[in-house]
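Colleague: Residue numbers (my numbering), protein chains in the order written: chain A, 234 to 422; chain B, 234 to 422.
Don't take each hint at face value.
Given that identical chains are not distinguished, each listed pair holds provided it fits within a single copy or across any two copies.
[Claimed, not checked] As a list, the in silico SDA-like pairs of lysine to any residue whose alpha-carbon atoms are at most 20 Å apart:
no., residue 1, residue 2
1, LYS242, ALA330
2, LYS275, ARG241
3, LYS261, VAL339
4, LYS261, PRO363
5, LYS261, THR338
6, LYS285, ILE264
7, LYS285, GLU416
Hints in this document: simulated from the structure, not taken from any laboratory.
There are 2 protein chains.
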Amino acid sequence: MSIRSGPRKEEAIFAATLELLAVHGYDKLAIESVAVRSGVNKTTLYRWWPSKDALLAAALTNSGLLSIDVPDTGSLRTDLLAVARQIARLLTSERTAPIVTAALTVAPRRPELAEVARTFFADRMAREQPIFQRAWERGELRLGLDPASIMDLLAGAIWFRLLLRGGEASPAFLAETVDLVLEGGTQNL
Amino acid sequence: MSIRSGPRKEEAIFAATLELLAVHGYDKLAIESVAVRSGVNKTTLYRWWPSKDALLAAALTNSGLLSIDVPDTGSLRTDLLAVARQIARLLTSERTAPIVTAALTVAPRRPELAEVARTFFADRMAREQPIFQRAWERGELRLGLDPASIMDLLAGAIWFRLLLRGGEASPAFLAETVDLVLEGGTQNL
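Build the full structure now, drawing on both the sequences and the hints.
Modeller: See below:
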């Protein structure tokens, strides 16, 4: 039994929402099409999500398609590397890259969707919190640091390299990025 | 005398290109409209830039609107802080934020524009290179580091915080980000 309540076939609804977003874009995303694609009555959809934005926010945040496994490998370095690999995979895999790109290109033009983005990333950060909690308990992370700043660096670098600079997120790049986030670029004499 | 050659009123042409991109988006950006707005004959524009993409690439790379001053403050930390402030300003100021957002939302959907993005960021990186060269000469930066990785972290974190997470790039955030890039998040016992 899941703790969070939702309609039957919830994951199919979320997947249909994200796939239609990827193919048609936000403007042409229609709750009716989600109903057809997921085989769920549209009144059911409206009962759970009163608007397109509400459905989209729920799909982005809760769909298994975009979820990441929160690692617990025993060290901060290998935990962050596992997260970095998953972010890079979401941004490049054939199934998820078009969804991420569509969501990315929608949000900055639509202030009303900023709340969706905020919800999504706040949820991500809350799920990733145990990584940092355990790192503090192991004495691996400087006290007083905001874990969101660490994730901004790590996720930001991967986004920037892949989607803006048009580069690749090779294993060497991901490892170097995690090392930089942990050790910094300063020469330690 | 400028070394780079270009038509008269080049900056007006670039500004018109970027402002029209911001207002109308890539699809409706037309060389004819750039000609009208900048008061330059459209045959002149076609002579210098044979396509819309060529004009857009030149405008993004060379317009003063999006340029950043490469600082030389005497330390890597204050140089990076100066760059970070300029990136945050470009992403938030009333005049430039719509241009950046328009460019951002276009690029991932149009593979043919990936080359424009690559050109833009390669040019940025080449200009920023002296910051890192001087840091190496002062012994401030670990040898063997790729400056692009440092800039991915710094710029990526600011983009991520502002445009994806929907947060703010406060002075404290920028300072913390630069410190993290330089010192890393690891607890140094």
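Colleague: Give a verdict on every hint.
Modeller: Hints, verified against the model:
no. : hint             : verdict
1   : LYS242 to ALA330 : neither (23 Å within a copy, 40 Å between copies)
2   : LYS275 to ARG241 : within (13 Å within a copy, 59 Å between copies)
3   : LYS261 to VAL339 : both (12 Å within a copy, 17 Å between copies)
4   : LYS261 to PRO363 : neither (38 Å within a copy, 47 Å between copies)
5   : LYS261 to THR338 : both (14 Å within a copy, 17 Å between copies)
6   : LYS285 to ILE264 : within (6 Å within a copy, 36 Å between copies)
7   : LYS285 to GLU416 : neither (43 Å within a copy, 44 Å between copies)
Comparing the model with each earlier hint shows violations of hints 1, 4, 7; every other hint is respected.
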